[in-house]
Each structure stands twice: as structure tokens, then as C-alpha cells.
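Protein chains in written order, with our numbering: chain X, 1 to 307; chain L, 1001 to 1330.
Simulated from the structure, these hints should not be mistaken for laboratory data. Hints may contain errors.
Stated by the list, open to error - For the chain L half of the interface with chain X, some residues (derived, Cβ under 10 Å), not all of them: (1) PRO1054; (2) THR1082; (3) ALA1217; (4) ILE1232; (5) VAL1250; (6) GLY1300; (7) CYS1313.
Just so it is clear, CB atoms sit at the ideal spot from N, CA and C, and this is done for glycine as well.
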Amino acid sequence: MKKRRGLTLMQKRAITGYIFILPWLLGFFYFYVRSIVMSVQISLSTVTLPDDGSGYQVTFSGLKNYFYIFQEHGSYNQVLVSSLGDIVVDVPLIIFFSLLMAMILNTKFKGRTLVRAIFFLPVLMNSEAILDAMSSLRNLMQTGLSGSSSELLEASNSGVNVDYYMALFKTLALPDSILDYVVGAVGRISDIISLSGVQIVIFIAGLQSIPGSLYEVAKIEGATTYETFWKVTFPMVMPHIITNIVYTVVDSFTNAEIVTLARTTFNQGGTTGYGYSCAMSLVSTVIVCTILGIVCGWISKHTFYYN
Amino acid sequence: MAKFSESVKTLKAVFVSPEYDNDRRRTAHLIKAFLLGLFKFIVIIGISYVILGPIIGMISNSFFSDEDAYSALVYLIPQSPTLERYQASIKVLNYLTTLKNTFIYVLILMAIQVFMCSMVGYGFARYNFPLKKLWFGCVVIMIVIPVNTIMLPLYMTFRIFDPFNLVTLIKGEPMNLMATSIPMYMMTFFATGLRSGLYIYIFNQFFRGLPKEIEEAAFVDGAGSWYTYFFIMLVNALPSVVTVAIFSLVWQYNDTFYASLFHLSDTSAISIKISTLADNVANAYSITDPNILELYTYAGIILVILPVLLIYCVLQKQFIEGVERSGIVG
């Protein structure tokens, strides 16, 4: 019998795997790695743009930009810390809320299509184009009196007397920090709802992909709804919880003040603006990546995958 | 005393005896179901109100005439409703043409996104290859990195498009791809388009969650890896395909960042048109009152989100139960 030469099955599969991700790999290197390298280069230099728009010239200036943003820039440190703080506060709330909503929306009831459409609206209303339109309007407004818009704003922030409820809950002798957190969350319910549109959709899709047979088994074995949730639903949506954490962190990060600060610095341009902006973005990106890495690493250790 | 203990006995008999047991349980069950339904109803109505409140205000305001906007008596229901805001917005937005162009652009990109990202996500989910963890970390970095970090390099890449000096070799000079939609198609094709990292991630999580038995069965039946991916796994991952398709559609449709970075002409991107609507209306109709301009912007925003909302309603029917579940035979 002729000895069969060639690759083992594992090697063949590895090659197939590489073919599957090849387009992304090429794109990543050409559009991202190259650009990131250029960004790092810019962050380490002083940039000058010639008037003809043909390109830019960089002069190496060492870590000067980094020293500047940390030591001399008026607000960078403060904004960085407060942005990260906001993210840490928001993420658990959004995840919890969107999982709850997804479970409610995943049950059968009349008018489900309509309700799902309503819950999708925040995704649309929070999109760039709409926000841009509103902000350009606001710029115009600043010259004139803004009657109806402020009314609208008041209508949406319904006048709940927070102090009254605070006093009510204080009698329960809960720790102040927890109370503040909960009251803060309730006060920002409208923000949280508008930020969790995407997460709800991801969770719904995740809940849909849980095999119905698992629920049947649970029911036959006599599990209560509560047990079914913790033993079946929760482990099965765990992968999607990671997805949603990643998405939530990234989403609140890209809308965070810190990115806005980097963008305004970028738009100021000049010989130093580009360098500062790139340095700012890179520092905050590295920090967020580290946090994400730690959190997701920890969670995925406790994640159950179907296989 | 004896009377009391007797009455306790009768009570016990009524509530604990097996004859009444079923009734009691059923009542408890009904009450529980009712309370749960009520809770669900209240939560849904409450949150829908929080979401819809500002939008209802927007819709009703977009029908206000000039007098209504300044009348203190008018709240939500206009006294003399007018379609003027919509007519003007449609004209300024050049609505139908722009919408058509935008949809062609967005739908093509959506198809590419779904196809390429699911492919990459499948590769990550089901194949083991060296450096896999590193590459997947790169996907996450791609999601996390704010696009404006790489804005200037990206602009330069396409302004002077010359990969490996190939273009210079053929044409003699580098190409300028600004003001075309080629950069976006190109980036999307290489799965590095608008939020592609996130789509890869979603697909990866979904494919990992699917049972391996399906693929094994396909493999035993002699299906190749491409056939398995395209005709078996992708079909089974329909909920995620719909999810990604919807997101890709909505975000691409509303994207202003890439559109303005690549100087996309405003006849092919409704997102740019809407973000400058207020200024354009102000110029075209020489309106200086920001309160009136606001009404035009509301009308414009409603015109822009309406088609996407309709598409969402149609597509979300695809989230049907059982598509995925039928794939599993234990």
C-alpha cells in the first residue's frame, strides 16, 4: 500500500480555519495595524500638514505629547477617570436591565411585534445622524430662545421627587452607597433604556437559540421557573452576556467624554493637536482594552459553552 | 375552647383536605399568573412610555404650524395642523432619490458584512489554528479602538491609495479614492468596515453556542467545510444573521463618520443630509427662527427613521422560534 503523504487532519483544519479568517486578517493588517502604527508615530511626533493636502510630515519629538497630556493638559486626567467611572457604573445596570427586558419580550403576548419595534427605537434615535441633526439644531438654538425643546426635555425627565423616595428608603437602613447607586439608576432610567437597545436585541437572539428540549427536560424533572432560569437560561445566555459587556463598554466608551475630548483636540489641529489627540486616544484605548481583557477573561472562565 | 379547636379542625379540613387541594392550587396558580402578567404589562407600558414620550412630542410637533409653535394653549395636538414641514423636508432632503441611493449603498454593504463577518466568525468559532487567541484579541481591539484614533491614517490611505506601490506600477500615480464609495466597500469586504469587529464577535459567540452534532452529521454525510458553513451553519444561525443584518443596516444608514471622512457625496448618504437639514432649510426658505427650524428637523428625522423602522418590523418576524430549535435532535 502506498504510504499516504501530506497533512494530518488537524493541519488541514488549521489551514481551512486560516482561509476562513484570511480576508479579515488582510484587512486588519492593511487598514488597522498600519493605521495604528501611523497613529503611534503621530503621537510621538509633531505633525505639519502642507496646504496642498497631499500628505503630512512628521517630526519625531519623543514622549513629549504623552508628558503634556498627563502633566500639563487642563482636564485630561480628570476626564479619563470620570469616563472610566461612568463605564463601571453603567455596565452592570445595562446588562441586568436588558436581560430582564429580553426575557419579558421573548414570551408570547399580544402586540409583541409592536413592543419590539418600540424597544428598537432607541437604537435609531441614538444614532450618529440623528444626534448630529439635533446638535446642529442646538447650535442654532443657542442664539434664540428655545421654548418647545426645553418643554420636551422636561416632559421626558418626569418630575419624580427623588428626595422623598430617598428619605423613604433611608429608613430601611441600607448602606448609603448602595442607596445612592439605586436611586441614581432609577433617576437615569431613560438613559439606561436608550443605551440598552442593542443589548436587548442580542439577548433576544440568544434566548431564541436555546434549544427548547432543555426546557422540556427541566419541566419534566419538575424544576420551578426560578430553577429553570438559573440552571438553563442563565448558563445558556452567558456567552451573550460577554458579548453585551464588550459592546456596552465599547459603546459607552466611544460616546464618553474622553473620546470627545480627543476629537476636539484633533479638530483644533495645528502643529500639536494631532499628536495630542492620538496620544489621548491611544492611552484611553489601552486602558479600556486592559479592563475588558481582565473582565472577559474572568467571566469566560465561568462560561459554559454548549460543546 | 372546645368550640375553637373544632372550628380550627373544620378550617384545616377545608384547606388541607385532598378534595379541596386541586381547587386551591388552581386558584393560587391563576393569581400568580395574573400578578406576573400584570407586572409584565406595567413594565412594558412604563418603559414604552419612557421611550415613546419624546418621539410622540416630535411627531406632533412636526405637524405644528407657526402659530401653534408659539401658542401657549397648544400641547401635543396642533390647532391648525400643516404638512408644510414634511413638504419642505422632502424637497430639501431630495427624499426619494437620496433614499434610493442610500438603500442601494447600505443593502450591498449589509450583504457583504453578513457574509464576510459570518465567515470570519465561523473560522474563529470552529477551527483551531496557531495564534488563534492572538487574532481574536485583535478582533476585540478592533471593536474597542475609537475610529477617530486612526482617522488621519485612514484618510491618507485612501487619499493616496497605493497598496505595495502596485497602483503606481500600473497607472503611474496613486489613486485618489475620495468622494467615492469604494473605500467603504473595500473596508467592508475585508471585514474591517463599520463595526465589523462586533459582528465577527456576535457570529463567533453564536456559532460556538450551536451544537457540534450538526456539523459532525454534515461531515459524515460528506459535506465539505464550505458547504457546511454556508448551507448548514449559516442557516442554523438565522437569528444571528438577522441580528447582524439589522444592525449593519441601521448603523450604516445612520453613519456620518465614514461618510464624511471619505467625502461621500450627499446625494448618496441620507445621514449627511439629515445632519445638515436645519441649515439647509434655513438657507432655502430664509427662516431664521430656530423654534420653527426645529419643527422642520423633527419632520426630517421622522422621514429618515421611518423606512428603517419598517424594515426592522418586517425582519424581526424572522426571529421566529423554532428555526434554531428544529436543528437539534439531541
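Consistency of the hints with the structure:
1. Evaluation of the PRO1054 (chain L) hint against chain X yields a held restraint, the C-beta minimum of about 5 Å falling below 10 Å.
2. Annotation: interface hint on THR1082 (chain L) violated; nearest CB of chain X at approximately 15 Å, more than 10 Å.
3. About 14 Å separates the beta-carbon of ALA1217 (chain L) from the nearest beta-carbon of chain X, more than 10 Å, and the hint is not met.
4. Here the hint on ILE1232 (chain L) is broken, as its CB sits about 15 Å from the closest CB of chain X, past 10 Å.
5. A least Cβ separation of about 6 Å between VAL1250 (chain L) and chain X falls short of the 10 Å threshold, and the interface hint therefore holds.
6. Nearest Cβ of chain X to the Cβ of GLY1300 (chain L): about 7 Å, under the 10 Å cut. The hint holds.
7. Among the interface hints, the one on CYS1313 (chain L) holds; its C-beta lies about 5 Å from the nearest C-beta in chain X, closer than the 10 Å criterion.
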